[in-house]
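Colleague: Position 80 of the sequence shown, counting from 1, maps to 80 under full-length UniProt numbering, and the rest follow consecutively.
The set of hints was computed from the structure by calculation and includes no laboratory data. Just so you know, these numbers come straight off a predicted model, no measurement behind them. Virtual Cβ for every residue (Gly too), placed ideally from N, Cα, C. Errors might be hidden in some of the hints.
Said to hold, decoys possible - Simulated restraints on C-beta separations: (1) Val243 / Ser157: 18 to 28 Å; (2) Gly246 / Ser225: 14 to 24 Å; (3) Lys220 / Ser157: 24 to 34 Å.
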Amino acid sequence: MSGLDRYADWDAAYVLGSLSGAERHEYEEHLARCPACRRAVAELAGMPGLLARVPAQEALALDTLDDEVLRAEPPASLMPVLPVVEGTSYRRRDWRVPAAAAAAALAIGGVGGYAVSAATGGGERPPVAVSSNGPTRLAFSPVIPSSMTAVVDLVPSGRGTQVQVECQYAATGPSPTSTSRPMGAKDYDPAWAWADYAVWVVDRHGKAVQGAVWTARPDKVMRPSAPSALAPRDIAAVEIRLVATGETVMRAANT
Numbered sequence: 001m002s003g004l005d006r007y008a009d010w011d012a013a014y015v016l017g018s019l020s021g022a023e024r025h026e027y028e029e030h031l032a033r034c035p036a037c038r039r040a041v042a043e044l045a046g047m048p049g050l051l052a053r054v055p056a057q058e059a060l061a062l063d064t065l066d067d068e069v070l071r072a073e074p075p076a077s078l079m080p081v082l083p084v085v086e087g088t089s090y091r092r093r094d095w096r097v098p099a100a101a102a103a104a105a106l107a108i109g110g111v112g113g114y115a116v117s118a119a120t121g122g123g124e125r126p127p128v129a130v131s132s133n134g135p136t137r138l139a140f141s142p143v144i145p146s147s148m149t150a151v152v153d154l155v156p157s158g159r160g161t162q163v164q165v166e167c168q169y170a171a172t173g174p175s176p177t178s179t180s181r182p183m184g185a186k187d188y189d190p191a192w193a194w195a196d197y198a199v200w201v202v203d204r205h206g207k208a209v210q211g212a213v214w215t216a217r218p219d220k221v222m223r224p225s226a227p228s229a230l231a232p233r234d235i236a237a238v239e240i241r242l243v244a245t246g247e248t249v250m251r252a253a254n255t
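Model the full structure from these sequences, guided by the hints.
Modeller: Rendered as structure tokens:
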């Protein structure tokens, strides 16, 4: 199996938090070199929130679909848009079983998919216990163009939340484009990748509080973490902002 085929189905599992630790680190290293996979992760940013809205009975029913339904072709509008690569044959995703398992896991546990590893190709690992107090994983979407990829886990902690971010800046790619720093789409300034970033937690009333601050490093995974006094349900969004300008680079909505 080629390298492209190997990672073709990993984006959803990464966003839902169902990869093992070793697989997650491997995929993050791949993301630093693959713009197509970074785009795929960004496109799935809203998946945990959407799946969480599926009623419990409907989600559990998805896990018992008969063979005839499972063999059916998905509607064209649900097919993922994959980049066309000369001479490469992508393996078609089996969209039904992972979606059913993910929806069922969310209905049972109310979290971002921490029990769907078996359905998304994670092997024979034991099922992970999921509870209503478990972590919620959100994927960041870019607000201004950049080569950063990031996810965040909202982990209940006492009456508040531990906000745990995993992010990385690609080894090559465009610097953030904004009104304060106009740059062409093909420009890349290594110094920009070493910029200082901050996590901001936004509540349901629009009030934002700054959390962890870190310096991005090209092709390196950074894991800033900070506590928030807000309960997970009271967090409307988590943002990554440039410290120098205060501009929002990426945003993860908690719907």
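Colleague: Does each hint fit the structure? Answer for all of them.
Modeller: Each hint, compared with the structure:
1. Val243 / Ser157: 18 to 28 Å: Hint holds: Cβ distance 25 Å, inside 18 to 28 Å.
2. Gly246 / Ser225: 14 to 24 Å: With a Cβ separation near 21 Å, Gly246 and Ser225 satisfy 14 to 24 Å, so the hint holds.
3. Lys220 / Ser157: 24 to 34 Å: About 26 Å separates the Cβ atoms of Lys220 and Ser157, which means 24 to 34 Å holds.
When held up to the earlier numbered hints, the structure conflicts with none and fits them all.
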